[in-house]
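J.: Start from the sequences, fold in the hints, and give me the full structure.
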Amino acid sequence: METGKVVENVAFNILKQAVIYLPDDVKQALKKAYGEETSETGKTQLKAILDNIDLAEKYQAPVCQDTGTIIFYIKAGSKVKDLDKVESALIDATRKATKEVPLRPNAVDPFTGKNSGDNTGRYIPSLNWELVPGDSLEMTVLTKGGGSENVCLGGMIVPSEGIKGLKKFVVDAVIKAGAQPCPPNILGIAMGGGADISMKLAKKALLRPLTEHNPDPEIAKLEKEIFEAVNMTGIGPMGLGGKTTVLGVHIDYAFRHPASFPAAVAFNCWAARRASARINADGMVEYLTHKLKW
Amino acid sequence: MTVYKLKTPISEEQIRKLKVNDVLYVTGTIVTARDQAHRRALEYFKEGKPVPVNLEGLAVFHCGPVVAKRGDKWVAVAAGPTTSTRMDIFEDEFIKDFKVRVVIGKGGMGKRTTDAMAKYGAVYGAFTGGAAVLAAKTIKNVKSVEWFDLGMPEAMWVFEVEEFGPLTVAIDSHKNNLFTDVQKNVEDNKQKIYQKLGISP
Numbered sequence: 001m002e003t004g005k006v007v008e009n010v011a012f013n014i015l016k017q018a019v020i021y022l023p024d025d026v027k028q029a030l031k032k033a034y035g036e037e038t039s040e041t042g043k044t045q046l047k048a049i050l051d052n053i054d055l056a057e058k059y060q061a062p063v064c065q066d067t068g069t070i071i072f073y074i075k076a077g078s079k080v081k082d083l084d085k086v087e088s089a090l091i092d093a094t095r096k097a098t099k100e101v102p103l104r105p106n107a108v109d110p111f112t113g114k115n116s117g118d119n120t121g122r123y124i125p126s127l128n129w130e131l132v133p134g135d136s137l138e139m140t141v142l143t144k145g146g147g148s149e150n151v152c153l154g155g156m157i158v159p160s161e162g163i164k165g166l167k168k169f170v171v172d173a174v175i176k177a178g179a180q181p182c183p184p185n186i187l188g189i190a191m192g193g194g195a196d197i198s199m200k201l202a203k204k205a206l207l208r209p210l211t212e213h214n215p216d217p218e219i220a221k222l223e224k225e226i227f228e229a230v231n232m233t234g235i236g237p238m239g240l241g242g243k244t245t246v247l248g249v250h251i252d253y254a255f256r257h258p259a260s261f262p263a264a265v266a267f268n269c270w271a272a273r274r275a276s277a278r279i280n281a282d283g284m285v286e287y288l289t290h291k292l293k294w
Numbered sequence: 001m002t003v004y005k006l007k008t009p010i011s012e013e014q015i016r017k018l019k020v021n022d023v024l025y026v027t028g029t030i031v032t033a034r035d036q037a038h039r040r041a042l043e044y045f046k047e048g049k050p051v052p053v054n055l056e057g058l059a060v061f062h063c064g065p066v067v068a069k070r071g072d073k074w075v076a077v078a079a080g081p082t083t084s085t086r087m088d089i090f091e092d093e094f095i096k097d098f099k100v101r102v103v104i105g106k107g108g109m110g111k112r113t114t115d116a117m118a119k120y121g122a123v124y125g126a127f128t129g130g131a132a133v134l135a136a137k138t139i140k141n142v143k144s145v146e147w148f149d150l151g152m153p154e155a156m157w158v159f160e161v162e163e164f165g166p167l168t169v170a171i172d173s174h175k176n177n178l179f180t181d182v183q184k185n186v187e188d189n190k191q192k193i194y195q196k197l198g199i200s201p
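Just so you know, the protein sequences line up as chains F and A, in that order.
Position one of the first sequence corresponds to residue 1 (our numbering), numbered consecutively onward.
Position one of the second sequence corresponds to residue 1 (our numbering), numbered consecutively onward.
Relax, there's no trap hidden among the hints.
Here are the simulated DSSO-like cross-link-like pairs (lysine-lysine), alpha carbons at most 27 Å apart as the crow flies:
hint	chain 1	residue 1	chain 2	residue 2
1	F	Lys176	A	Lys190
2	A	Lys5	F	Lys43
3	F	Lys224	A	Lys192
4	F	Lys176	A	Lys196
If the Cβ cut is set under 8 Å, some of the chain A residues that face chain F in the computed set are:
hint	residue
5	Gly80
6	Lys106
7	Asn189
8	Ile199
Listed next, the stretches of chain A that the computed footprint assigns to chain F, with coverage defined by at least 3 CB atoms under 8 Å from CB atoms of chain F:
hint	region
9	69-79
10	133-143
11	160-173
Note that these hints are calculated values from the structure, not bench results.
Built from N, CA and C at the ideal position, the CB exists for glycine as well.
T.: See below:
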């Protein structure tokens, strides 16, 4: 089969996997939160979330009606053939999934307010390319809900405040967001680089499994510290009070300009939908996050 | 925390019994309305024109569902709540004009709505955000769709539901607002967090 067709099929499959089946690490974290939540109202919310996850799987229906903005992360081996066919294949896969899964059409022209109806439009689906050695093509899809996107925050910290400034930035962002991003959330946090770079890194950090902590022990410690701090807010599941406000925190960074300390916080809702697959040179496809169920 | 199961039409007397943190399941008719349906309904009322559904005693649901047509019948596929704060500017008048008893959504509503709920007798039921299939499975029948010219998410969908919930009563008809309570608590906790992290406010 030609590259374009294989990519389209695999992209369609991971999109369908992502919107219906939450990744195991997210499900486990929600179950754990349900067991540990002490607020009765918080527990009611987590129970509804877990029931909803089961029903979505049973009926193969999207876990949330907001099937999000579609974002692909592509790790392209430099020896992969026909890389120029990948973009159109991903767009075709998006159109097909919108019709067949179905997904809610979520791509709107900001000037006219017109919805394209098929989740595609200028720069959408969003494609993030990384060129790596080798001959395999790895793709991850993130379907990003609007409620949690609306509270993502980028800003500039006073460089002399350093990490302490970052901590305050994150705590304030979580408190300001409150119930809006459908907590419990996952936080992607990044600093450095520039306004755009920190936000890109923060969002990309949302792809990491909750079971995975930063390999740098100092950063892992900071992740834990922020995780514990924001769970002290009392915002709780769906902002109705409780001890589960976030399920996990992932931090990344880039070196910064001496005069700048860019910081960014990306929120994901509890319906943290992502799926990955790898296409090898021999055409073999490995599904990395989900089992293929159809 | 008490669990209530109410059938529409719901009376003022029934709704006044509910307190924040109670859990409510609604059986009967619920009608979706987002920003545009709210705006149009209020305009119609002002002009003395009838709205397509008599809303008295019913529940209004802040929701833009995914609805599929199977044969000649509409089926709700996914129907979770949308953020209610956008409807805050309409809801007090909406409650007054149409006498809805339950407003369903996510994220909570403000003082204007809380005051109107106390004055006219209504509650806000928070439905778990994202729990779209859970919601859709209690929708037994799509009775009709009104104002379809507003588009699928903004149209007024009339659903027949069976034990739609769990809804956490987050605003009752006695001026209690759970979201405001949580916010106050969070503000207090913020100082403790700052202290723990060594941040000067």
